[in-house]
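Trainee: So you can see what is in the structure, the chains are spelled out below.
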Amino acid sequence: MLYRETGQFKTTYAEDIAIFPIRQDRIALAVLLGIAFIGVPLLATFRIWPFGSDYLLWAILLPFLILALAAIGTNILVGYCGQISLGSGAFMAIGAYSAYKLATGVHIPFAALGFAISIPPLPVLASILLGGLMSAAAGILFGIPSLRIKGLYLAVATLAAQFFFDWAFLRLPWFTNYAPSGSVNAPELVFFGLVVRTPVERYLLCLVFVTLLAMLAKNLVRGNLGRQWMAIRDMDIAAELIGIRPLYAKLTAFAVSSFIIGVAGALWAFVYLGSWEPLAFSIDRSLELLFMVIIGGLGSIMGSFIGAAFILIAPIMLNVLPTELGLPLSTQTITHLQFIIFGSLICYLLIKEPHGFARLISIGKEKLRLWPFPY
Amino acid sequence: MASIARNVLILAAVLSGAVVCTPAAAQNEQFIPILSYRTGPYAVNGAPYANGVVDYYNLINERDGGINGVKILFEECETAYATDKGVECYERLKSKGPTGAAFINPLSTGITFALTEKTATDKIPIVTMGYGRADSKNGAVFAYNFPLLGTYWSAADIAIQHVAKELGGLDKLKGKKISLLYHDSPYGKEPIPMLQVLAQKYGFEFTPIPVTHPGVEQKSQWLAIRQHRPDYVLVWGWGVMNSTAIKEAAAVAYPRDKMIGVWWSGAEPDVTPAGDQAAGYKALMLQHGAGKFPVHADIEKYIYAKGKGSTEPGKIGEVLYNRGITNAMLGVEAIRKAQEKFGKKPLTGEQIRWGLENLILTDARIKELGFEGMLKPVSISCSDHEGARYGRVQQWDGKGWKVISDWYTADESLIEPLVADVSAKYAAEKKVTPRDCAKET
Numbered sequence: 001m002l003y004r005e006t007g008q009f010k011t012t013y014a015e016d017i018a019i020f021p022i023r024q025d026r027i028a029l030a031v032l033l034g035i036a037f038i039g040v041p042l043l044a045t046f047r048i049w050p051f052g053s054d055y056l057l058w059a060i061l062l063p064f065l066i067l068a069l070a071a072i073g074t075n076i077l078v079g080y081c082g083q084i085s086l087g088s089g090a091f092m093a094i095g096a097y098s099a100y101k102l103a104t105g106v107h108i109p110f111a112a113l114g115f116a117i118s119i120p121p122l123p124v125l126a127s128i129l130l131g132g133l134m135s136a137a138a139g140i141l142f143g144i145p146s147l148r149i150k151g152l153y154l155a156v157a158t159l160a161a162q163f164f165f166d167w168a169f170l171r172l173p174w175f176t177n178y179a180p181s182g183s184v185n186a187p188e189l190v191f192f193g194l195v196v197r198t199p200v201e202r203y204l205l206c207l208v209f210v211t212l213l214a215m216l217a218k219n220l221v222r223g224n225l226g227r228q229w230m231a232i233r234d235m236d237i238a239a240e241l242i243g244i245r246p247l248y249a250k251l252t253a254f255a256v257s258s259f260i261i262g263v264a265g266a267l268w269a270f271v272y273l274g275s276w277e278p279l280a281f282s283i284d285r286s287l288e289l290l291f292m293v294i295i296g297g298l299g300s301i302m303g304s305f306i307g308a309a310f311i312l313i314a315p316i317m318l319n320v321l322p323t324e325l326g327l328p329l330s331t332q333t334i335t336h337l338q339f340i341i342f343g344s345l346i347c348y349l350l351i352k353e354p355h356g357f358a359r360l361i362s363i364g365k366e367k368l369r370l371w372p373f374p375y
Numbered sequence: 001m002a003s004i005a006r007n008v009l010i011l012a013a014v015l016s017g018a019v020v021c022t023p024a025a026a027q028n029e030q031f032i033p034i035l036s037y038r039t040g041p042y043a044v045n046g047a048p049y050a051n052g053v054v055d056y057y058n059l060i061n062e063r064d065g066g067i068n069g070v071k072i073l074f075e076e077c078e079t080a081y082a083t084d085k086g087v088e089c090y091e092r093l094k095s096k097g098p099t100g101a102a103f104i105n106p107l108s109t110g111i112t113f114a115l116t117e118k119t120a121t122d123k124i125p126i127v128t129m130g131y132g133r134a135d136s137k138n139g140a141v142f143a144y145n146f147p148l149l150g151t152y153w154s155a156a157d158i159a160i161q162h163v164a165k166e167l168g169g170l171d172k173l174k175g176k177k178i179s180l181l182y183h184d185s186p187y188g189k190e191p192i193p194m195l196q197v198l199a200q201k202y203g204f205e206f207t208p209i210p211v212t213h214p215g216v217e218q219k220s221q222w223l224a225i226r227q228h229r230p231d232y233v234l235v236w237g238w239g240v241m242n243s244t245a246i247k248e249a250a251a252v253a254y255p256r257d258k259m260i261g262v263w264w265s266g267a268e269p270d271v272t273p274a275g276d277q278a279a280g281y282k283a284l285m286l287q288h289g290a291g292k293f294p295v296h297a298d299i300e301k302y303i304y305a306k307g308k309g310s311t312e313p314g315k316i317g318e319v320l321y322n323r324g325i326t327n328a329m330l331g332v333e334a335i336r337k338a339q340e341k342f343g344k345k346p347l348t349g350e351q352i353r354w355g356l357e358n359l360i361l362t363d364a365r366i367k368e369l370g371f372e373g374m375l376k377p378v379s380i381s382c383s384d385h386e387g388a389r390y391g392r393v394q395q396w397d398g399k400g401w402k403v404i405s406d407w408y409t410a411d412e413s414l415i416e417p418l419v420a421d422v423s424a425k426y427a428a429e430k431k432v433t434p435r436d437c438a439k440e441t
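Chains as they are written, first to last, in full-length UniProt numbering: chain B, 1 to 375; chain P, 1 to 441.
Some clues are possibly wrong.
To be verified - Using 25 Å as the maximum straight-line C-alpha spacing, the simulated SDA-like pairs for lysine to any residue come out as follows:
hint: 1; chain 1: P; residue 1: K96; chain 2: B; residue 2: L327
hint: 2; chain 1: P; residue 1: K308; chain 2: B; residue 2: V320
hint: 3; chain 1: P; residue 1: K315; chain 2: P; residue 2: A305
hint: 4; chain 1: P; residue 1: K123; chain 2: B; residue 2: L204
Claimed, not checked - Short, incomplete list of chain P residues facing chain B, as computed with Cβ under 7 Å:
hint: 5; residue: R38
hint: 6; residue: T39
hint: 7; residue: E76
hint: 8; residue: R92
hint: 9; residue: E117
hint: 10; residue: K189
hint: 11; residue: E190
As the list claims (entries may be wrong) - Pair ranges (Cβ atoms, derived):
hint: 12; chain 1: B; residue 1: S118; chain 2: P; residue 2: L170; range: 39 to 47 Å
hint: 13; chain 1: P; residue 1: L223; chain 2: B; residue 2: S118; range: 35 to 43 Å
hint: 14; chain 1: B; residue 1: A168; chain 2: P; residue 2: V216; range: 19 to 27 Å
hint: 15; chain 1: B; residue 1: A168; chain 2: P; residue 2: K201; range: 26 to 34 Å
hint: 16; chain 1: B; residue 1: A168; chain 2: P; residue 2: H228; range: 19 to 27 Å
hint: 17; chain 1: P; residue 1: S381; chain 2: B; residue 2: V190; range: 32 to 40 Å
hint: 18; chain 1: P; residue 1: E429; chain 2: B; residue 2: I237; range: 50 to 58 Å
hint: 19; chain 1: P; residue 1: E429; chain 2: B; residue 2: A160; range: 32 to 40 Å
hint: 20; chain 1: B; residue 1: I340; chain 2: P; residue 2: K165; range: 45 to 53 Å
If you are wondering where the hints come from, they were derived from the structure by calculation, not from laboratory data.
Ideal placement from N, C-alpha and C gives every residue a C-beta, glycine not left out.
If we strip away everything but chain P, and leave its shape as in the complex, we get:
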């Protein structure tokens, strides 16, 4: 037993080493943690996104000298898309910097589920742009969750709207067969309840087909698709699962132009490994697509010209890189909004939560930020933590993504009852008293 004590002492000594030597931070800095994944089966998608985030924070520091003079301090932590590592990273980074973490972007729906309760207790907003819990749109119950720009329920509705448009009208959906090929995790399962609602309303036959993590084995699923012959296959994949799905579709000769990926299944790394087989594949857009916009010119001028870029200059403007900078921009603008109320100094997570909840980006402001053409106006409020629910559809022509549709807006009349129902269940289970949004300022 003496040895246990000795061992514990050694352990404590090693541990304390990690806790004590935090570098002395300058006081006028706002700390933002970055949970990223540059290793593992999801690295192909995680890395470009993280590069975008890092480059945008660097741009704010280099070009503007921070947010109103408050420099951004950030640190990356590798989660490998694993929930337990994500929770560890969150605990590691949440109290760094002079005021603790400004907000957290887990870039994983699984980690979002695991952190939802913790972030509310720690008063740190959890910003899940285009992913996360769809029911957290209801800010009255989920005060600290911000599924900005679109939830999976919005995505499901937009995808079905596009299918209907291709078929020639919502009434043509009746009797059609639509399958969902999904990553078997909270991420892939999120759209299912919405698709069931839609199937009931429009009378199409909906079949969910799960794919086990990490998604490199899909033979039996595609065999089932070949037998079942669905009119459309929606793909809710991530990482290697996406390119595997396209290759397997080609192997069973399922037409690629009848496949519609969610916005996480529509980037360059998802189609390029499949080569020519990917031509014709379609995917939703979380508003923006690939390509360069005025903000990219600034990034090239202030970051890449100085050799401080985090990726190869040729990769700026890829879909996920653009999503990274969009996500970083929304966070920075929320901090700026919070500074209007609380002063131009490092702010706490609770103060930045106010900034997020009152964030309004008009067309003029989006243009000023250099995001014109990437984003439509965003308006977040207590009752609507999503802020915008637009989407378009793009198609891979073998070389690049082409936008093939007009803007769609998700049908709130269908989503809202589901949000109210599921979030009320959560509130009851966790004994959360919903805020009265009419009294929030």
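Bound-form chain B, shown alone:
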């Protein structure tokens, strides 16, 4: 009754090919964006519940947005193009360290040739976007093996990217500007003369990036490119026979995915962490992103958001809840309980719905269309 497109007639092609063809979806999205862009900052500025402290913004919403962005990137590669990747953490790291190098100035002396490449420090926005591009370039490079090897074997090849870049950022002091501890500090976040400092400003900054890139991804996956990716995912030989070039399709998937992950990595480092070491982008991060897209739903942009929310927030909730309820448990028991419950929750979810949250939601939508007279 509420969620039914009956009576919504499309009279132009533009309406027919709109991203969200159903009016209810458009309204819901507008409301959601309104809450995210206006509601949350307002509540946080006036410190109205539940934004009494910075906790919700700093420790939940900020990492949620950035990891959701990284999950969208991972989903393009894994969910849409079917190329399993365990290197997402590395691509985040490339985004972060490239942006750091560009924002602090690059100097590469070629002593033997008698000249040096010097790039003055770039503005933060340019650094972040160029960091994404660097990550895309690395993605293409490490995507080349995907033309020959498939499935789990490709996962192992992307694992090489993970370990290689972990090693590079840990061992080559050039990347960290010779910081004695190997830990680097993000530059001051200046965007067009405005300095981003408070949690609300940081949140809005990430929100803009996430909204734009999520829209971009949503548009890409329903267009020519996205259909090529999905054809490759579903059966690469059949895709080749109908005229899709695997080289182009796979490498564009690697490039777009790595670009988004790279931007997410730069945001993670600059906006969320502020100071970081390579451990922030370890193999654990790659696995975490993979779990996000599997649990959220392979091949779904919205699934990436839900997966990120689940993987990030569920453990924190399980950890906070016993203390807040005043249960007399030691932190160690709580942590062990958190692992047990979270693990069983994942098992239960995947048994009940192997296609993740996105599938649960589309089932929900189908049911809602028939409500209140199901047949």
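With the hints as your guide, set chain P onto chain B.
Mentor: Chain P in isolation, oriented as in the chain B frame:
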């Protein structure tokens, strides 16, 4: 898309549950967050330390009724030594209690790096006793960082002083080979610049050898040590890495008495898993060692006799337990100092920062507190956030730690230029205007 909205609503509902139901706190309480780790590969070292901290806060509440009547309210948060969890814990706990967090002890150099900028913005002191950023000794730049009792640069200098003493003089260091086996994280990397300075000055050959987190795999590193045959191996390890290093040293027959651990590699859990192989292993002491002192008698009387202890009574007096109570004591004394100026009530982080910066513990006061024999006098100031830079060396004889050296004092003439240089770089990068310490009161 409707479902996104629904999902977000559910999410918000779940989240808000966590934020809203903070238990009503009595107003005359000072909140101190405890970032601890009792799980994961570093739990063997994290747990005794956290037990010491908890027991000391309980002692202040039970014996004295709080700090001048202001009760200590504390809450633990498990970080598992992971930087991202540490940041989450900090955000979770920083504004609890009537006045917010008094100060924060992350017990991880990685978390210290991640929090340094945030704590300065939030005006909450970050107390890193015997760890953290060595350059934060310079309080003019790092107003909110307090690497009390010794940084890793002090530790590196003390270790080399001890090596020189064993060899028979600083001039004997020339041509010797000294390796550093370090945890590959900001923690393990901190001493490297200082050791490079020392190597240059005294003419020994310095080789850093990294060990990947968590440190259970060290075969190739020890193979390299066997080939390279260094005269001494300094161990900058934590958690399982320490006992693994001792076992691997035994496997390649590297003499244990040529290994010197930093003060985080010199506690009971580091040597006992290696059994007899650990005999002869040496480690620095962050002033105190193992053993019981007058304060332990109070802890036994007021806490353990009432069954409120957080560990087994037999474990009181272990090295890391003692470090926990020392750390808690310095924090409590800083609050007491701040109360002298701001009144006997719950104070904000900014006020307690003043207390820390003006904290002076004389021998007499240390005796009064029951820490005689554990600590030397501490005097913190704007330009010196370290407060003291003494150390000794202890050796494991198979059953217990024996102190084998006299007190060493780190050579400030070598450390100070490095501190000035690195902290100035930080100030430039972060656009921090250094305070004028002459004008601070």
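Trainee: Quick check: which numbered hints come out false for this structure?
Mentor: none
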